[in-house]
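Q: My request is simple: use the sequences and hints to build the entire structure.
Protein chains in written order, with the working numbering: chain R, 122 to 670; chain Y, 801 to 1144.
It is worth saying that the hints were derived from the structure and are not from the lab. Please note that the accuracy of each hint is not assured.
As the list claims (entries may be wrong) - If we take Cβ atoms under 8 Å as the criterion, some of the chain Y residues that face chain R in the derived model are:
no.: 1; residue: K810
no.: 2; residue: I908
no.: 3; residue: L972
no.: 4; residue: V1089
no.: 5; residue: A1104
Unchecked claim - Here are a few chain Y residues that face chain R, going by a calculated C-beta distance under 10 Å:
no.: 6; residue: A947
no.: 7; residue: L975
no.: 8; residue: S979
no.: 9; residue: R980
no.: 10; residue: G988
no.: 11; residue: L990
no.: 12; residue: T991
no.: 13; residue: P992
no.: 14; residue: T1044
no.: 15; residue: S1091
Stated by the list, open to error - Okay, the calculated beta carbon distance ranges per label pair:
no.: 16; chain 1: R; residue 1: S465; chain 2: Y; residue 2: G911; range: 51 to 59 Å
no.: 17; chain 1: R; residue 1: E368; chain 2: Y; residue 2: D1035; range: 36 to 44 Å
no.: 18; chain 1: R; residue 1: A380; chain 2: Y; residue 2: D1005; range: 24 to 32 Å
no.: 19; chain 1: Y; residue 1: D1005; chain 2: R; residue 2: A526; range: 46 to 54 Å
no.: 20; chain 1: R; residue 1: N653; chain 2: Y; residue 2: H897; range: 50 to 58 Å
no.: 21; chain 1: R; residue 1: N382; chain 2: Y; residue 2: I958; range: 34 to 42 Å
Please read these numbers as outputs of a predicted model, since none were measured by experiment. Backbone N, C-alpha and C define an ideal beta-carbon position, used for all residues, glycine too.
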Amino acid sequence: MRKLFRLLLMLACGLLAACTAAPTPEPPAVARIGYGGSPDTLNPGTAVLTEAYTIFALVYDALYTYNLDGTYSLGLAESVDRSADGLTYTYKIRSGIKFHDGQPLTARDVAFTYNLNKAHAEYPYMNPYTASMESITAPDDTTVVIRLNAVIPNIESQLVFQYVLPAHVWQAHAAGAAAVEFENETLIGSGPFKLLEYKQGEFVRLGANKQHFSRPPKVDEVIFQTIGNPDALVQAVSTGQVDMITELPNAAAEKLGKAPNVKVVSAAPFAPAVSDIIFNQATSASCPSKSACTGNVALQDRQVRVALAHATNKQQLIDVLLLGKGTPGLTLIPNGLGMWFNNSLQDYEYNPAKANKILDDAGYVYNGEIRCAVPDCPYPSPIMNFRMYWPSDSVDAPRMAELLAGMWKEIGVGVQPQAIDPDALTALCCPAFDFDIMLWGWGSDPDPNLLLNVMRTESIATGSSETGYSNARYDALYEQQSVELDLKKRQALVWEMQRQVHEDAVYIIPYYEMQVQAVRTDRFTGWIVDQNKLDLSDVSSLVNITPVK
Amino acid sequence: MHAGQLLLRKAGSALLTIGFVLVLNFFLFRVLPGDPARAGIKDPRMTRAAQAAIHQRFGLDKPVLPCLASLNPLRRGPCLVNPLQTQFFIYVNNLLHGELGISYHTKIPVGQLLRARLWNTAVLLSAGQTLAIVLGVAGGVLAAWQAHTRIDYAALIISLVAWSLPTFWLGLILLFWGSRYAGLPIGGQLTPGLAAAGTWAQFTDAARHLVLPTLTQTIIYLAEYLLIMRSTMLDVLAEDYILTAKAKGLSTFQVLKDHALRNAALPIITIVALNLGFTVAGAVQIEAVFSWPGLGQAIFESVARRDYPVLQGAFLLLAVSVIVANLLADLLYSWLDPRVQAAL
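A: Here you go:
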């Protein structure tokens, strides 16, 4: 009996010990992000939407990494060597890197990717990045040689978004229509996160690649959940159903900021964007063949554009449209472009009296209601009653048009506001020039070349120019900066180009809108919010966050 | 007319209507301004070669009709001799082979995309409409039976208020209330990452996601059904045969079920059939508020992106649904009321 009791006691103790010693499994750290859209496709060649590129940046690696401070650092490449003539770049690729399916990533994958992008003109974003590349070869597993057809100053910006694809997966889909039709559902990359699950229009679930060579995530999973309704997005972070939202209406920012455990952050967006008031300046001389070029003649006069700039109260536009979440704009190059943004420019101050005087001095007769569009008002004369168009999907433009109409009325300028379908507006815009004023905007590459190109004379005929602006000096400066390899010298040229277009009042840039995002403070810590630029869904934040203990 | 003949006649006219819709669908979207290759892309780097390649890829480089390169006046082109190489012929030919094309935007076959979206919409619809029909009809019968009492007045007032509510507004209010105080999901169909969980966990999660959109739909449609049912029942209850039924000593339930309801059901069947047909297009507003990946959202997104194949497919589906629902309503009518069949 005593033996039996002892045995039972030992058994009980053993069980107890086993129970107490068993480690409690940690629940996986899953960060949930609410965003308004969804990737259009997982094929990086054909993807168009920002949401797709957000995912690609997490799943793939590139030769360079674009940092939040606007600088580049080497990514898959461990070194780069530029030839004396600036036409050949030789990259050494890190060894030992593997794709998510365990296959090694080599220089051959890099060359394969660039050649794939170069071969397919129907890749709307990737193909232009290879425009300056004459050949891309991989003589061995760690070396990539890129031969350019002309010197370019910004090889980093051309390579940073060309994500390296696994040749062993893509080889069978590289030729012809297959390269476009390939859905790439497995999304095999080498980046800090790997695809676990994807439902188009619903969510993207990513798992951590803890073996990543430079940025292994600290969380186990990140889930991007599509919440198309902005009010629901705000509610989702407020009730803790998601840990971060990538966008929110400015009107909701103040109230959401007061919600418990929620922090609203704002700064210049990581992906720079700019809103613009576009003046049609295409003249009969610069008008491309077959184009309408029906712009009001007054807008071809710099004095009129300067007067309109003086009559535009940018701060009021920011306060009303953005509820203060913006900074007054200067030129098409936004402040989000860091060193390329010329912050030394003195803007046209808001001064309707000065605007009136400029127009009076230039001979634009004012009858108390509206001004003539031609100096000295010969009979018959057109009047300054401008057609003002904007894309019908714009949220802010209708109110902006209304405010501008009120401001410009003070100097005898009228507007006929009209929302137009975005595609129809593109048809009216460029190179048709069948408008007077448009309210629109641009998204930008990290490099200023893209937006500087928009104001070139050469871009008038191609449809890239939306103003018809033509200035030989500006064109010459563009050519210089596009081959200038010295960073400081190029910066000076780019700044001078901005000074030139600002002086010519090619556009009025009402504001640079801030990125506003919200994050739960009780779930994860480590979000990067102290930089000049903000994107909490960027890889910099998502590899850095850890659960709050 | 014989039932079989009636069915054939109705089915024939339904097929004709579908044929007309097929043609209309094709031209409807092409008269819209804009270019699918540029929709959503405002990028100066997008070269003409890239645009041409995208046009070629989707067959947009071909003329719409033999002698009209495009219905868009900005893009008229030369006449073409071979009608087999027109967008219209290719569209009809593909349809006859059961192909709806590839989505310009997601690059997914339209049939596959619509199937998934239709299923999601059907789940949402079946829950909301079933509840609305059952509660609306029962409420309407009760209100009519208790006409001019407090129950009737309450039903009337609640229905009128519910019917007047904008759908999106009601959805938002329920969303705020449900997510904050009842802990219900903010949107979507299933909590992401639950695929590995058990069937029961997935089922309960899906049910929780359904609560708010279903409630929104039920409230909106319930009001409509209740008001129509009440009004028709009031007419029927004033008939002599109801008085006779009561005089025979039948119970209230028997009078309502066997004598009143069947006669009052015809208008409700019409409304339900029409609603079912139209709501297959997705309760667009409900789907938008609750981020429900249904057909309505697909249509909304595709209009913005000039995704012709998806729009053509979705509108075809919508037209077929409305036509089939009407056909069913017609057949149900003649079954419920033999006088209708005789009149036909």
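Q: If you take the shortest Cβ to Cβ gap from P992 (chain Y) to chain R, is it below 10 Å?
A: 4 Å, holds
Q: Is it true that the C-beta distance of N382 (chain R) to I958 (chain Y) lies inside 34 to 42 Å, as the hint says?
A: 38 Å, holds
Q: Classify the hint on A1104 (chain Y) as holds or violated, based on whether any CB of chain R lies nearer than 8 Å to its CB.
A: Where the cut-off is 8 Å and the nearest Cβ of chain R is about 7 Å from A1104 (chain Y), the hint holds.
Q: Are G988 (chain Y) and chain R close enough, Cβ to Cβ, to be under 10 Å, as the hint says?
A: Since chain R brings a Cβ to about 6 Å from G988 (chain Y), closer than 10 Å, the hint holds.
Q: Return holds or violated for the Cβ distance of D1005 (chain Y) and A526 (chain R) against the range 46 to 54 Å.
A: 51 Å, holds
Q: Does the closest beta carbon of chain R sit nearer than 10 Å to the beta carbon of S1091 (chain Y)?
A: 5 Å, holds
Q: For the hint on T991 (chain Y), does the least C-beta distance to chain R fall short of 10 Å?
A: 9 Å, holds
Q: Answer holds if the nearest beta-carbon of chain R is closer than 10 Å to that of S979 (chain Y); otherwise answer violated.
A: At about 5 Å, which falls below the 10 Å cut-off, the nearest Cβ of chain R leaves the hint on S979 (chain Y) intact, so it holds.
Q: Hold the hint about I908 (chain Y) up to the distance rule: shortest CB distance to chain R must be less than 8 Å.
A: 7 Å, holds
Q: Holds or violated: A947 (chain Y) as interface residue toward chain R, Cβ cutoff 10 Å?
A: 41 Å, violated
Q: So, L975 (chain Y) near chain R? Judge it on the closest CB pair being under 10 Å.
A: 6 Å, holds
Q: Kindly confirm whether 24 to 32 Å is satisfied by the beta carbon distance between A380 (chain R) and D1005 (chain Y).
A: Given range 24 to 32 Å: holds, Cβ gap about 25 Å.
Hints 1, 6, 14 and 17 from the earlier list are contradicted by this structure; the remaining hints agree with it.
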